[in-house]
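From first to last, the protein sequence lines are chains A and B. Going by the numbering used here, the residue at position 4 of the first sequence is 4; the numbering climbs one at a time, nothing skipped. Going by the numbering used here, the residue at position 34 of the second sequence is 34; the numbering climbs one at a time, nothing skipped.
No lab work stands behind these hints, which were simulated from the structure alone. Computed from a predicted model, the values in this text were never measured in an experiment. Hints may be right or wrong, so weigh each one.
What the hints assert, rightly or not - 27 Å max Cα-Cα, derived DSS-like pairs, lysine-lysine: (1) A/Lys-57 to A/Lys-11; (2) A/Lys-57 to B/Lys-101; (3) B/Lys-55 to B/Lys-73; (4) B/Lys-109 to B/Lys-70; (5) B/Lys-73 to B/Lys-109; (6) A/Lys-11 to B/Lys-106; (7) A/Lys-71 to A/Lys-57; (8) B/Lys-106 to B/Lys-55; (9) B/Lys-101 to A/Lys-11; (10) A/Lys-57 to B/Lys-106; (11) B/Lys-78 to B/Lys-101; (12) A/Lys-71 to B/Lys-101; (13) B/Lys-55 to B/Lys-78; (14) B/Lys-106 to B/Lys-70; (15) B/Lys-101 to B/Lys-70; (16) B/Lys-101 to B/Lys-73; (17) A/Lys-11 to A/Lys-71; (18) A/Lys-11 to B/Lys-109.
To be verified - Anything over 10 Å on all C-beta distances counts as not near chain B; from chain A, calculated: (19) Gln-17; (20) Val-19; (21) Thr-20; (22) Asp-24; (23) Asn-51; (24) Glu-52; (25) Ala-53; (26) Ser-62; (27) Glu-68; (28) Pro-70; (29) Lys-71; (30) Ser-73; (31) Arg-81; (32) Pro-97; (33) Thr-113.
What the hints assert, rightly or not - Simulated DEER-style distance windows between Cβ atoms: (34) B/Gln-56 to A/Pro-70: 37 to 47 Å; (35) A/Asn-18 to B/Gln-56: 43 to 53 Å; (36) B/Lys-109 to A/Ser-58: 19 to 29 Å; (37) B/Thr-60 to A/Asn-18: 41 to 51 Å; (38) B/Ser-80 to A/Pro-70: 41 to 51 Å; (39) B/Gln-56 to A/Thr-113: 38 to 48 Å; (40) A/Pro-8 to B/Pro-40: 19 to 29 Å.
Yeah, the Cβ is synthetic: ideal placement off N, Cα and C, and Gly gets one too.
Below are the chains, spelled out letter by letter.
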Amino acid sequence: DTGVSQNPRHKITKRGQNVTFRCDPISEHNRLYWYRQTLGQGPEFLTYFQNEAQLEKSRLLSDRFSAERPKGSFSTLEIQRTEQGDSAMYLCASSSPGTGVEEQYFGPGTRLTVT
Amino acid sequence: AQTVTQSQPEMSVQEAETVTLSCTYDTSESDYYLFWYKQPPSRQMILVIRQEAYKQQNATENRFSVNFQKAAKSFSLKISDSQLGDAAMYFCAPLEGGSEKLVFGKGTKLTVNP
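The following block holds chain B by itself, in its conformation from the complex (with noise of 0.2 Å):
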């Protein structure tokens, strides 16, 4: 079982300006997955980014990279750049090796003022 702490329910952003929203999570487990989604208002859940525990080099998708400290157990999301389209509820979610179940934290919503 694993529980998922994204501590700022909510967070604004200038356009153009960075930001960088924060995930913990409780895992037991080595071999694991990290995943950020985002789902716009009224829109469907998309990924963002995803990370392998194993790996040390933190993953990057253009404007988005994600900050993986394994032993706190964070893995926290910087926008680059913001845009108004990314105003949205962000979802921190780990995924344990072996399951096939997201465990989804309660969500960032993210509002980019133009």
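Looking at chain A on its own, in the form it has when it is part of the complex (with noise of 0.2 Å):
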């Protein structure tokens, strides 16, 4: 296993259309996060997953954002109707069960360019 991948890596689209995103965790990991990182940020939290379940979503998910982890594997985040503003890197990590708090293995990230 080669860590957590995240596609496509560079996203650029116009104002209005819609976009979706996909990562795939380090395979035994049942923990799935979504993160937005905008320039000289660190970066923000979205949304979380356990296996399926979206247990937490942050207010910055507007209603023009979905996530979706219909397996309990890899995991697609959408923005409708994008905005100049929505440009940002994306950044998903995975972590372990584990019986504590597990380390958040990062991916590489998609970076999404709005025109």
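Join the two chains into one complex using the hints; note that each chain is given alone, in its own frame.
The following block contains the structure:
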């Protein structure tokens, strides 16, 4: 296993278009997270899944954003009607079940540019 | 909710020297965890070191150590014998007990000069 993977790595889209990103976590990890990182800032939490259940959502996740993890493996993050303010790096992370607080392993991110 | 302050936007260090990156945070919880993550240019975020708030002993990982001052809500990272590969953005991130949400500071950009 080579770690968390994200596709695509870069996405350029026009304002108003819909985009979808995919995250494949480390295979035995049942927790999956999405973060957004804008230029010069630290990542901001968007949402979190345990298996297929979406357990926590940030208020940053407006109704134009939706995330799914239908089979508890890979996850998708869709942004509808993109706006220029959506331009950012979208990071995915995963962690193993464990009995305590486990390290979150991050993917390389998907860089979104909205023109 | 938490706030995280990394007061040094940029730091530089000479190779083989020691540097300390500062972080303060605000939480009302007594049970929480603290992490330092490293994000090299155009590469993914990796964990450098973690500290459980209930532990008084400061965490160490090879050349990396922390100075955890719980009462002051301070969590600084010391890098000893700095190497060129240490050049990166460093983020401090607390995680409250019962939550899965890392809260990141704005980061400190570390430059290592040969």
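Checked hints:
1. Between A/Lys-57 and A/Lys-11, the direct Cα distance comes to roughly 24 Å. Compliance with the 27 Å bound is thereby established for this hinted pair.
2. Distance restraint check for A/Lys-57 and B/Lys-101: the Cα-Cα separation of roughly 10 Å lies within the 27 Å cut-off, and the hinted pair is therefore satisfied.
3. Proximity of B/Lys-55 to B/Lys-73 is assessed by CA-CA distance (about 14 Å); at most 27 Å being required, the pair is judged to hold.
4. Taking the CA atoms of B/Lys-109 and B/Lys-70, the gap is about 25 Å. The hint holds against a cut of 27 Å.
5. Only pairs whose Cα atoms come within 27 Å are accepted, and B/Lys-73 paired with B/Lys-109 is accepted, the gap being roughly 22 Å.
6. The suggested pairing of A/Lys-11 with B/Lys-106 holds, with an alpha-carbon distance near 24 Å, which does not exceed 27 Å.
7. Annotation: proposed proximity of A/Lys-71 to A/Lys-57 holds, straight-line Cα distance about 19 Å (limit 27 Å).
8. About 26 Å separates the Cα atoms of B/Lys-106 and B/Lys-55, which keeps this hinted pair within 27 Å; it holds.
9. With a CA separation close to 26 Å, the supplied pair B/Lys-101 and A/Lys-11 stays within the 27 Å bound.
10. Between A/Lys-57 and B/Lys-106, the direct Cα distance comes to roughly 21 Å. Compliance with the 27 Å bound is thereby established for this hinted pair.
11. Taken as a hint, the B/Lys-78 and B/Lys-101 pair is honoured in the structure, with Cα atoms around 25 Å apart against an allowance of 27 Å.
12. Distance hint between A/Lys-71 and B/Lys-101 is fulfilled; the C-alpha atoms sit about 22 Å from each other, no more than 27 Å.
13. Taking the CA atoms of B/Lys-55 and B/Lys-78, the gap is about 18 Å. The hint holds against a cut of 27 Å.
14. Between B/Lys-106 and B/Lys-70 the alpha-carbon distance is near 21 Å, which keeps this suggested pair within the 27 Å criterion.
15. For the given pair, B/Lys-101 sits about 20 Å from B/Lys-70 by alpha-carbon distance, which is consistent with the 27 Å threshold.
16. Simply put, B/Lys-101 and B/Lys-73 have alpha-carbon atoms about 18 Å apart, close enough for the 27 Å limit, and the pair holds.
17. The suggested pairing of A/Lys-11 with A/Lys-71 holds, with an alpha-carbon distance near 25 Å, which does not exceed 27 Å.
18. For the suggested pair A/Lys-11 and B/Lys-109, the alpha carbons sit about 26 Å apart, so the restraint of at most 27 Å is met.
19. Non-interface status of A/Gln-17 relative to chain B is upheld: no Cβ of that chain comes within 10 Å, the nearest being about 26 Å off.
20. Separation of A/Val-19 from chain B is adequate, the least Cβ-Cβ distance of about 21 Å exceeding the 10 Å criterion.
21. No beta-carbon of chain B comes within 10 Å of the beta-carbon of A/Thr-20; the shortest separation is about 21 Å.
22. At the 10 Å boundary, the C-beta of A/Asp-24 stays outside the reach of chain B, the nearest C-beta of that chain being 14 Å off.
23. Here A/Asn-51 stays apart from chain B, with its beta-carbon at least about 13 Å from theirs, past the 10 Å limit.
24. The claim that A/Glu-52 lies off the interface holds: its Cβ sits roughly 15 Å from the closest Cβ of chain B, which is beyond the 10 Å cut-off.
25. The non-interface label for A/Ala-53 is consistent with chain B: the shortest C-beta to C-beta separation is roughly 12 Å, beyond 10 Å.
26. With 10 Å as the threshold on Cβ separation, the claim that A/Ser-62 sits away from chain B holds: the shortest Cβ distance comes to roughly 17 Å.
27. Taking the minimum C-beta to C-beta distance to chain B, about 18 Å, the non-interface status of A/Glu-68 holds against the 10 Å cut.
28. The Cβ of A/Pro-70 sits about 20 Å from the closest Cβ of chain B, beyond the 10 Å cut-off, so the non-interface label holds.
29. In this structure A/Lys-71 is separated from chain B by more than 10 Å, as the shortest Cβ-Cβ distance comes to about 20 Å.
30. A cut-off of 10 Å between C-beta atoms confirms that A/Ser-73 is not in contact with chain B; the least separation is 18 Å.
31. The Cβ of A/Arg-81 lies farther than 10 Å from every Cβ of chain B, with a closest approach of about 26 Å, so its non-interface assignment holds.
32. Every Cβ of chain B is farther than 10 Å from the Cβ of A/Pro-97; the closest lies at roughly 12 Å, confirming the non-interface assignment.
33. Distance check on A/Thr-113: its Cβ is at least 15 Å (rounded) from any Cβ of chain B, clearing the 10 Å threshold; non-interface status holds.
34. Hint check: B/Gln-56 to A/Pro-70, Cβ distance near 44 Å, so the stated range 37 to 47 Å holds.
35. Taking the beta carbon of each, A/Asn-18 and B/Gln-56 are about 51 Å apart, inside 43 to 53 Å as hinted.
36. Range check, B/Lys-109 to A/Ser-58: Cβ separation about 25 Å, and the 19 to 29 Å hint holds.
37. Checked against the hint of 41 to 51 Å, the pair B/Thr-60 and A/Asn-18 passes, with Cβ atoms roughly 47 Å apart.
38. Distance hint for B/Ser-80 and A/Pro-70: a CB-CB separation of about 46 Å, consistent with the stated range 41 to 51 Å.
39. At about 47 Å, the CB distance of B/Gln-56 to A/Thr-113 agrees with the hint of 38 to 48 Å.
40. A C-beta distance of roughly 21 Å is found between A/Pro-8 and B/Pro-40, which places it inside the suggested range of 19 to 29 Å.
The structure fails none of the hints (numbered hints given earlier).
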